[in-house]
Amino acid sequence: MGKLFLEHPGGTRLYSCAKCSTVLTNRDYLVSTRFTGSTGRAFLFKKVVNLVMSEKHERMMLTGRHIVRDVSCKKCKNRVGWMYEYAMVEGQRYKEGKVILERQLIVDSTGIEEI
Amino acid sequence: MHTQPVESSTAEQGCSGSDNLNNNKPRTQNGHNNSNNGVGTVYIPPHLRDTVRLIGQHLADLGLQKTVQQLVEECDSQLEHPLASQLRDNITSGLWEEALEVFGELASTAESGAREIKYRILEQKYLELLESGNQMGALSCLQEEITPLQHSASKVHLLPSYLMCSTPTELRSQAKWSGAAGNSRQRLIHKIQEFLPVTVMLPPKRLEELLKQAMFLQSQQCTYHNTPFPPCSSLLVDHSCSRDKFPSETKQILEHRDEVLHCSWSNSGLYLATGALDGSLYIWKYNPQCYQLVEDKLIDALFSVGYIAWSPDDTMLCICGVEKCPEATVYTVSGSTAVLKCKISQSPEDVLTTCAWSPDNRYIYTGGQQGQFYKYDLHTSTVYKWEGIRLHGVATLRDNKTVLAADSHKRVRSYNFEDHSEQTIFESEQQIISMSISSDEKYCLLTLEKQGLLMIDIATGAYVRKFYGLVQKDYHLNAFFGGANEEFIVSGSEDHRVYVYRKNCSTPILRLDGHTSVVNCVCWNPVYTDCFVSGSDDANVRLWAPPLPSDESECSSGTQV
Chain A
1 MGKLFLEHPG
11 GTRLYSCAKC
21 STVLTNRDYL
31 VSTRFTGSTG
41 RAFLFKKVVN
51 LVMSEKHERM
61 MLTGRHIVRD
71 VSCKKCKNRV
81 GWMYEYAMVE
91 GQRYKEGKVI
101 LERQLIVDST
111 GIEEI
Chain B
116 MHTQPVESST
126 AEQGCSGSDN
136 LNNNKPRTQN
146 GHNNSNNGVG
156 TVYIPPHLRD
166 TVRLIGQHLA
176 DLGLQKTVQQ
186 LVEECDSQLE
196 HPLASQLRDN
206 ITSGLWEEAL
216 EVFGELASTA
226 ESGAREIKYR
236 ILEQKYLELL
246 ESGNQMGALS
256 CLQEEITPLQ
266 HSASKVHLLP
276 SYLMCSTPTE
286 LRSQAKWSGA
296 AGNSRQRLIH
306 KIQEFLPVTV
316 MLPPKRLEEL
326 LKQAMFLQSQ
336 QCTYHNTPFP
346 PCSSLLVDHS
356 CSRDKFPSET
366 KQILEHRDEV
376 LHCSWSNSGL
386 YLATGALDGS
396 LYIWKYNPQC
406 YQLVEDKLID
416 ALFSVGYIAW
426 SPDDTMLCIC
436 GVEKCPEATV
446 YTVSGSTAVL
456 KCKISQSPED
466 VLTTCAWSPD
476 NRYIYTGGQQ
486 GQFYKYDLHT
496 STVYKWEGIR
506 LHGVATLRDN
516 KTVLAADSHK
526 RVRSYNFEDH
536 SEQTIFESEQ
546 QIISMSISSD
556 EKYCLLTLEK
566 QGLLMIDIAT
576 GAYVRKFYGL
586 VQKDYHLNAF
596 FGGANEEFIV
606 SGSEDHRVYV
616 YRKNCSTPIL
626 RLDGHTSVVN
636 CVCWNPVYTD
646 CFVSGSDDAN
656 VRLWAPPLPS
666 DESECSSGTQ
676 V
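So the protein lines, in turn, are chains A and B.
Sequential numbering of the first sequence, starting at 1, is according to our numbering.
Sequential numbering of the second sequence, starting at 116, is according to our numbering.
Just chain A, same shape as in the assembly (with noise of 0.2 angstroms):
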């Protein structure tokens, strides 16, 4: 389908989906790795591009109530993890706006030195 428009955030360690291997964040985006999704670890990010959203989906976590959205690669649709749009419980305010990416459905790469 043309050619489809995907950034890229740079970095020397990167994250790609998977699937497909688009890049979708880097090492130094993440904000913490002590996270569990359905398939296991998962990881924090505060910067993730080349993401598709779903609508806002209310959810009890671990942490207490939160409304999502599932995001997806850009390039395949393929799900990689979810975003938090809005925490109930106050202490957990700090995950607004960030991405949580499943460790089994990214990979790791090297990234080069950039200019």
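Calculated directly from the structure, the hints in this document are not laboratory data.
Hints are supplied without guarantee of correctness; some may be wrong.
[To be verified] Each computed DMTMM-like pair below joins lysine to aspartate or glutamate, with the alpha-carbon atoms no more than 20 angstroms apart:
(1) Lys525(B) to Glu114(A)
(2) Lys74(A) to Glu564(B)
(3) Lys500(B) to Glu533(B)
(4) Lys525(B) to Glu7(A)
(5) Lys500(B) to Glu114(A)
(6) Lys47(A) to Asp28(A)
(7) Lys56(A) to Glu96(A)
(8) Lys588(B) to Glu7(A)
(9) Lys74(A) to Glu609(B)
(10) Lys588(B) to Glu609(B)
(11) Lys516(B) to Asp492(B)
(12) Lys46(A) to Glu438(B)
(13) Lys525(B) to Asp572(B)
(14) Lys588(B) to Asp653(B)
(15) Lys525(B) to Glu113(A)
(16) Lys47(A) to Glu533(B)
(17) Lys565(B) to Glu7(A)
(18) Lys439(B) to Glu7(A)
(19) Lys75(A) to Glu96(A)
(20) Lys47(A) to Asp589(B)
(21) Lys490(B) to Glu502(B)
(22) Lys439(B) to Asp108(A)
(23) Lys75(A) to Glu609(B)
(24) Lys74(A) to Glu438(B)
(25) Lys525(B) to Asp28(A)
(26) Lys588(B) to Glu55(A)
(27) Lys490(B) to Glu114(A)
(28) Lys19(A) to Glu438(B)
(29) Lys74(A) to Asp589(B)
(30) Lys75(A) to Asp393(B)
(31) Lys581(B) to Glu544(B)
Place chain B on chain A using the hints.
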């Protein structure tokens, strides 16, 4: 153009104000001046006097001396200072001493500009003396009049050499001078007109100049103006081009088998290259008289064609893929068939998606998002690398050294592979999808993610204008400058339309319907500027041209904004 001298004391130097040119006699109640017995003179109010002077100058230039005489008598005022008229007459008649004397009265001798004029009058005298064979007179003029002026040593040094010229023709060509019979005297008058204050002597051809400015302004404001500036239309009506002369109708539809991703006209405007997702690349020959493209060659690239660049001499094409394509391919297309010339390839991990030629046809700059930025020498097959840049777009400048590149960090930077210098020209707030530049290298056009187009000034890196209206959310779109004076910008859009903008306005002047899917690339013909083509995901290429009054032409509606 002179009549009797003005009675008021305007013969001093540096007079100002057009009122000095009129008799300062009291006006009668009916506005007539009594000095001419009140017969046949019309009072011209002060704010209209300059207009009368301009008209008088225009008529005089046309040779209508009697009319001008009449004009001066009827409004009872000089069109210019009488000394200026005298000076003009003296020069036209070749009376150099009188001219110098009059000029001396008009201008203060201390000014360096005055010396230049004096020099010019004497130079004309010198050249005319030489031309008529009076070598002794010329020599004495040079020694006794020109040299003591002590003006412009560089020019004065050339003068003695003209004494060597054996014939007037040789003199004229050596001195680059048109001769006494030519327009050299007239040009001398023009030079003096530029120097003297405008109230004393009018600047030359002033009315003509004003009309030219008006025409230029009208063409700037004319929305569909697609012919060279300034327009050669009548002065009687404000200039306004009709949309009928503007490319806005589909004249032809060319079919590919798959999504058309890129199209590019050759620099001669006679060939069009269109590339598609299935790897097919067609070269079409263009007939400007009847707006027809005919298939000329077919290249089967083994990868999707994402970018096409013609070499400046139109003998070669460089093609880049979409992704997972590690090489840029060069074909020679000047023969009867396209022949593979070479491949620019370093590693199978590379991704090269954009390219540009150097003006001397020797180098190709290519790169992509994986971090490759290569300069390839076609003569020696050498590859020069610039590390650390993820390219989104590249363009070369005429100086054959500077390359502009847009990168993944939203910057437009300039690079010089020879001295390894680089600098950032512009930092955008949105991702840059593609980049192109105008042929005069003044402006750079960026397609921004979701934010329309952005035009920046290359020399200063300043933001000039954003163009919005077109839709971009997911796909790669290409936008280019075009039109007779490169006054327009065309772009594709995800709402299936072709968008046309005027460089000086942020909103589109045309949104053209026709395609049934995302329009990826729109390219304006650089030579036959009344047409452009668009390529779309609906596998069609459409040729757009001015609507002709023919019934058989394929019509497609466009929305005028």
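Need the list of violated hint numbers for this structure, in ascending order. 12, 16, 19
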